[in-house]
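Trainee: Please build the complete structure, drawing on both the sequences and the hints.
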Amino acid sequence: MERYQFSEIVDAFVDAAKEVVTQILGVEVVEQQDGAGDALITFDGVVAVVGFSGAFSGRLLLGIPEPLSVALFHALGGETLPSPDEELFAASEFGNLVTGHALTSINNRFPGSNARPSPPSAFLGKRMVFFNFGTTGSRVILATPYGDMKMDIAFKEEP
Amino acid sequence: MRVLVVDDSPLVRNMVKKACLGSAFEVVGEARNGEEAVALYRELLPDIVTLDVTMPVKDGLSAAKEILAFDPHARILLLSAMGDEELLAEARTLGIMSSLQKPFTPQALLSALQDLSRG
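Chains as they are written, first to last, in the numbering used here: chain A, 70 to 228; chain B, 431 to 549.
Accuracy of the hints is not assured; some may be wrong.
In silico contact screen, one side only, chain B against chain A (beta carbon under 10 Å); selected entries [to be verified]:
id, residue
1, L441
2, K447
3, S510
4, D514
5, S528
6, K532
7, Q537
8, S541
If you want the footprint, here are the derived chain A segments under chain B, 3+ residues with CB under 8 Å [unchecked claim]:
id, region
9, 74-81
10, 124-136
11, 206-220
Don't read these hints as lab results, they were simulated from the structure.
Nothing here was measured: the structure is a model prediction, and the numbers come from that model.
Think of the CB as a built atom: it goes at the ideal place given N, C-alpha and C, for glycine as much as any other residue.
Mentor: See the structure below:
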């Protein structure tokens, strides 16, 4: 990383996740542990995936426990118990919010970065395996009253 | 005032509709991407458009450019998770003067719509 410090990028995503959860749900989020990510990442439950590109490119994987995805669905206007599709919509939008806030912070801090997110995706399943290829990754666990979120942030600086 | 809601998230579209219920703003159409937004704008001629930025098929700024080319007086409220200075400057260059960063409260949305309707 020449211009961007790895830790600054990761911190932006962690701060964004905390900010968005607090804004939407009014609860505290505590960072529990972090470390270098592995090439293979496994998730159970709901996972939001958001890519981004600009002066640096990469993606956010956000593993969301079911109680949290239900709470997000209700906070985003849902009124009944969500169907699996609706949980996925809530997870997608949550991933979009976290990435948007993180990239906003990074773009304002590093003018000219022009980092932009792609439309989000979400997946629901057991032992889903994702693979980091050619990127640096970092793993963070964020504890909420609804369970632990698992963030995996991977990116590389564009030449 | 008649509002066209543009967002790829059905949850966000519902949030905007719910916020407008009982207010001076009536949602008359919904679009899931920029391409649908441009087509619906021409068909419905709404007073205001709420417009997401990051969408599949066609993004919000591209759609805004086409809408404003069709109607230079179009009133557009950018609703996006992104809110950096460069994006907002790009939006202003296109002619979009109002924006609200997600997540938003119903009150903040209505206030932004009211400000835009008076502008």
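Trainee: Now, for every hint given, state plainly whether the structure supports it.
Mentor: How the hints compare with the structure:
With a least beta-carbon distance of about 4 Å to chain A, the hint placing L441/B at the interface is held under the 10 Å criterion. A distance limit of 10 Å between C-beta atoms decides the matter here; for K447/B the minimum to chain A is near 9 Å, and the interface restraint holds. Because the closest C-beta pair between S510/B and chain A is about 7 Å apart, less than 10 Å, the hint holds. Hint status for D514/B: holds, given a least beta-carbon distance of 4 Å to chain A, under 10 Å.
Because the closest C-beta pair between S528/B and chain A is about 17 Å apart, greater than 10 Å, the hint is violated. Hint on K532/B holds. Least Cβ distance to chain A is approximately 6 Å, under the 10 Å limit. For Q537/B, the interface hint is violated, since its Cβ never comes within 10 Å of a Cβ in chain A; the closest pair sits about 14 Å apart. Because the closest C-beta pair between S541/B and chain A is about 17 Å apart, greater than 10 Å, the hint is violated.
Counting residues of the region 74-81 of chain A whose CB lies closer than 8 Å to any CB of chain B gives 0, which falls below the minimum of 3, so the coverage claim is violated. By the rule of at least three residues with a Cβ nearer than 8 Å to a Cβ of chain B, the coverage given for the region 124-136 of chain A is violated, with 0 such residues. Coverage of a stretch by a chain is defined here by at least three residues with a beta carbon nearer than 8 Å to that chain's beta carbons; for the region 206-220 of chain A and chain B the count is 0, and the condition is violated.
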